[in-house]
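Novice: Residues per chain are reported as follows:
2 protein chains.
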Amino acid sequence: MNIPKTQLPRIVIIGAGFAGLALARSLRGINAQVVLIDRHNYHLFQPLLYQVATAGLEAGSIAYPVRKIMHERPNFYFRMARVNEIDTQNQCVLSDIGSLHYDYLVIASGTKTKFFGNRDMERYSVPMKTLKQALNIRSLVLENFEQAVVATQPQERDFLMTFVVVGGGPTGVELAGALADMREHVLHKDYPDLDFSRMHIHLIQSGDRLLNTMSKKSSAAAEKFLQQMGVQVHTNLRVNTYDGQVVTTSSGLVIPSATVLWTAGVTGALIDGLSAQTLEGSSNRVLVNAYMQSIAHERVFVIGDLALQRHSDYPDGHPQMAQPAIQMGKQLGKNLKRLLSGRQMEPFKYRDKGSMATIGRNRAVVDLPRKHFSGFFAWLVWMFVHLFSLVGFHNKAIVLLSWVYNYVNYDREGRLIVRPFKKRGFVSFTSDEI
Amino acid sequence: MNIPKTQLPRIVIIGAGFAGLALARSLRGINAQVVLIDRHNYHLFQPLLYQVATAGLEAGSIAYPVRKIMHERPNFYFRMARVNEIDTQNQCVLSDIGSLHYDYLVIASGTKTKFFGNRDMERYSVPMKTLKQALNIRSLVLENFEQAVVATQPQERDFLMTFVVVGGGPTGVELAGALADMREHVLHKDYPDLDFSRMHIHLIQSGDRLLNTMSKKSSAAAEKFLQQMGVQVHTNLRVNTYDGQVVTTSSGLVIPSATVLWTAGVTGALIDGLSAQTLEGSSNRVLVNAYMQSIAHERVFVIGDLALQRHSDYPDGHPQMAQPAIQMGKQLGKNLKRLLSGRQMEPFKYRDKGSMATIGRNRAVVDLPRKHFSGFFAWLVWMFVHLFSLVGFHNKAIVLLSWVYNYVNYDREGRLIVRPFKKRGFVSFTSDEI
Chain C
3 MNIPKTQLPR IVIIGAGFAG LALARSLRGI NAQVVLIDRH NYHLFQPLLY QVATAGLEAG
63 SIAYPVRKIM HERPNFYFRM ARVNEIDTQN QCVLSDIGSL HYDYLVIASG TKTKFFGNRD
123 MERYSVPMKT LKQALNIRSL VLENFEQAVV ATQPQERDFL MTFVVVGGGP TGVELAGALA
183 DMREHVLHKD YPDLDFSRMH IHLIQSGDRL LNTMSKKSSA AAEKFLQQMG VQVHTNLRVN
243 TYDGQVVTTS SGLVIPSATV LWTAGVTGAL IDGLSAQTLE GSSNRVLVNA YMQSIAHERV
303 FVIGDLALQR HSDYPDGHPQ MAQPAIQMGK QLGKNLKRLL SGRQMEPFKY RDKGSMATIG
363 RNRAVVDLPR KHFSGFFAWL VWMFVHLFSL VGFHNKAIVL LSWVYNYVNY DREGRLIVRP
423 FKKRGFVSFT SDEI
Chain D
3 MNIPKTQLPR IVIIGAGFAG LALARSLRGI NAQVVLIDRH NYHLFQPLLY QVATAGLEAG
63 SIAYPVRKIM HERPNFYFRM ARVNEIDTQN QCVLSDIGSL HYDYLVIASG TKTKFFGNRD
123 MERYSVPMKT LKQALNIRSL VLENFEQAVV ATQPQERDFL MTFVVVGGGP TGVELAGALA
183 DMREHVLHKD YPDLDFSRMH IHLIQSGDRL LNTMSKKSSA AAEKFLQQMG VQVHTNLRVN
243 TYDGQVVTTS SGLVIPSATV LWTAGVTGAL IDGLSAQTLE GSSNRVLVNA YMQSIAHERV
303 FVIGDLALQR HSDYPDGHPQ MAQPAIQMGK QLGKNLKRLL SGRQMEPFKY RDKGSMATIG
363 RNRAVVDLPR KHFSGFFAWL VWMFVHLFSL VGFHNKAIVL LSWVYNYVNY DREGRLIVRP
423 FKKRGFVSFT SDEI
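Top to bottom, those sequences are chains C and D.
The numbering of the first sequence is the numbering used here, which starts it at 3 and goes up by one.
The numbering of the second sequence is the numbering used here, which starts it at 3 and goes up by one.
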């Protein structure tokens, strides 16, 4: 990997998501060499990915070049690489650009989409975990309408104008809401020859309520908002099959649809080489102690969505969200400094600042530790929190400008099909190439 | 194409570039049905494409959704389609989404990259006429540096850090200048482990001066600016071959380089079905009379870069730039209204407002009809003219914000490799799929 050898201990961080980035930032001034590895050269602000997918924001507004964070930090290195394996015996990371010895390894590789073994779904539905996938969704949605305009059969038009979102977590709720906003404010102006009473948005949740990691009040409010916006919400429903044409479900309901957006599950983005005893089977998360240290490998730490710390308040692990990831990264930054100077590490303690989800224009739900609210004020809070959480002044300014413009004009000017992306033969949407 | 039949005459416009868009806009209120066809669903502001390629602007900031221009115009239709052929006998356009009868046809399909029959160049060099190509260049440039960082051999690093721009017109000059700006202000901060005295930018021009459609003063100023910025300018030099590894030239100069950017020529983007007698052989432009009417087909008009009108002031046709295209579109809009109301059409008269090119930070050249200037003031003029020429308030605001930010911070935050694009095997860069 062409990293110079020094007298300093070497800390290798895998992943520049919320956890890895917070850690790298908090290591400023440490007496060590720090190597950050990610397969992308940018940090992605995932909570706004659905706005890229629905033409509200440009890809560049929610991504930040990782190398910029490294500026003027003499012993910090970034490498764009895919890590294939770790060798805990020899303290070594193996990647597509070579191997690297570590003194301390931090794994912050997060999660990836989980299809529960459903191969059809993996082939024909579209997940939304990366910028490429969000841009693919944007193209796909718009291509559907361009096709619907020239379709001569009503069934074909209905097929193209029906969208199925699988998964009732924040991502699914936000995507379904944004599609409803597009129908209400943008699409009918762009396609005056189409009948938008025939555009259908289905949101399918296997559990008995949406947003099941939030309060019941938030779940109820989100469902009410979505229904007001014309989204067909289905709870206690599972999708069985999808062949690119028709979705079949556990209740017998059958939905012909050109577009199935898959937000129903994630699983740990594991890296080969961790011993099996350190894994929690069903979630593929890595078990760590109070210091985010692997229970089997003293020099390996795990933070972010991939880490599973069985804390008394969170026996099944912390929620897989930005806040715990950021707090873990900061805490580990302090602990590594303590470790290197011979002091005792401090156990990680998550401070719950609450959670929130937006549903659409003027509508959001917010759970604070002791308080719940929803509606316009919640939506304002959601916007400010997300705006100020974005990395970099430029991104903040661009996003604010776009939001104000979109809000005032009921518009989304990102509706550009830059790379057309209609399903072709056996191209899988989850392929790394697309 | 699913366009309703009406009593109104039907005007079909092929191409939503500067000419086609100006025409469509100026047809507001006409007593006709208007169908605009383009293979993209957006109008592209090509003069700023090089800034997308060099990470200064996001793709969405210089593209504008065509359908938005059609809002609230009852008899206007847009179709995203690729036109394969026109049948002047039966007055019919044949496309990948069906055929369409026209009463009047306007061809505004512009130009495409010309490789002068050099197959190697077509395969291994990268042109820059579309948004996809600009984004590919951005990825490619950044991927080179990510590879250079881990390269162990000095020759390999030099190969990756050498850029060859072929073509000394405005696009080539602006690209070479922007690469030099990136080296000066951004790249050395991102890659402190690389020696940027070893990064080379070659600009190769076959003629005896750069910007040969502008004044000799502008050519000289542009060359001086580029040399100050460390670009190696070669005039009277032709590239012979490039195999993806080494550029060979007419003087015997040999340049090993991973990246050849091709801006050396364009040719008319002709559509099958125009009779051969209407074409100008070497440029593939279509001969038109004073009303931009095809000399062979009374109901076919041609505007923009594709049109060749032998005017006494411009015996070889008007310059292939935005201004003539826009003026042709506006004039044809007036003429079609006249034609439909039985009045005489007016001949097209180009009013030269001058031309300009930017070289880099604080450096541009401007030719007005009677005046030439260069340097900081020219650069300010260049910026304001381009800013106000952008379509849409949102794009203007985003571009202004990005420019101010980039200028103040000596930065370009778009340096994101969203879709990696390293040359692989026999993938051709000019393929439509990429």
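Some hints could be false.
It does not matter which identical chain is used: a pair holds within one copy or between any two.
Okay, derived cross-link-like pairs now, EDC-like style, lysine to aspartate or glutamate, Cα gap no bigger than 16 Å in a straight line [what the hints assert, rightly or not]:
1. K355 <-> D105
2. K70 <-> D195
3. K7 <-> D195
4. K7 <-> E158
5. K373 <-> D210
The hints are simulated quantities; they were obtained by calculation from the structure and are not laboratory data.
Novice: All the hints need checking, so say for each whether the structure fits it.
Specialist: Cross-check of the supplied hints:
In this assembly of identical chains, the alpha carbons of K355 and D105 never lie at most 16 Å apart, being 34 Å within a copy and 65 Å across copies at closest. Taking the shortest alpha-carbon separations for K70 and D195, only the inter-copy value of 14 Å comes in at or below 16 Å, while the best intra-copy value is 47 Å. For a Cα distance limit of 16 Å, the shortest separation of K7 from D195 across copies, 13 Å, qualifies, whereas the shortest one inside one copy, 66 Å, does not. In this homomeric assembly, K7 and E158 never come within 16 Å of each other (Cα to Cα): the closest approach is 62 Å inside a single copy and 22 Å across copies.
For the homomeric pair K373 and D210, neither the shortest alpha-carbon distance inside one copy (23 Å) nor that between copies (74 Å) is at most 16 Å.
In summary, the numbered hints that this structure violates are 1, 4 and 5.
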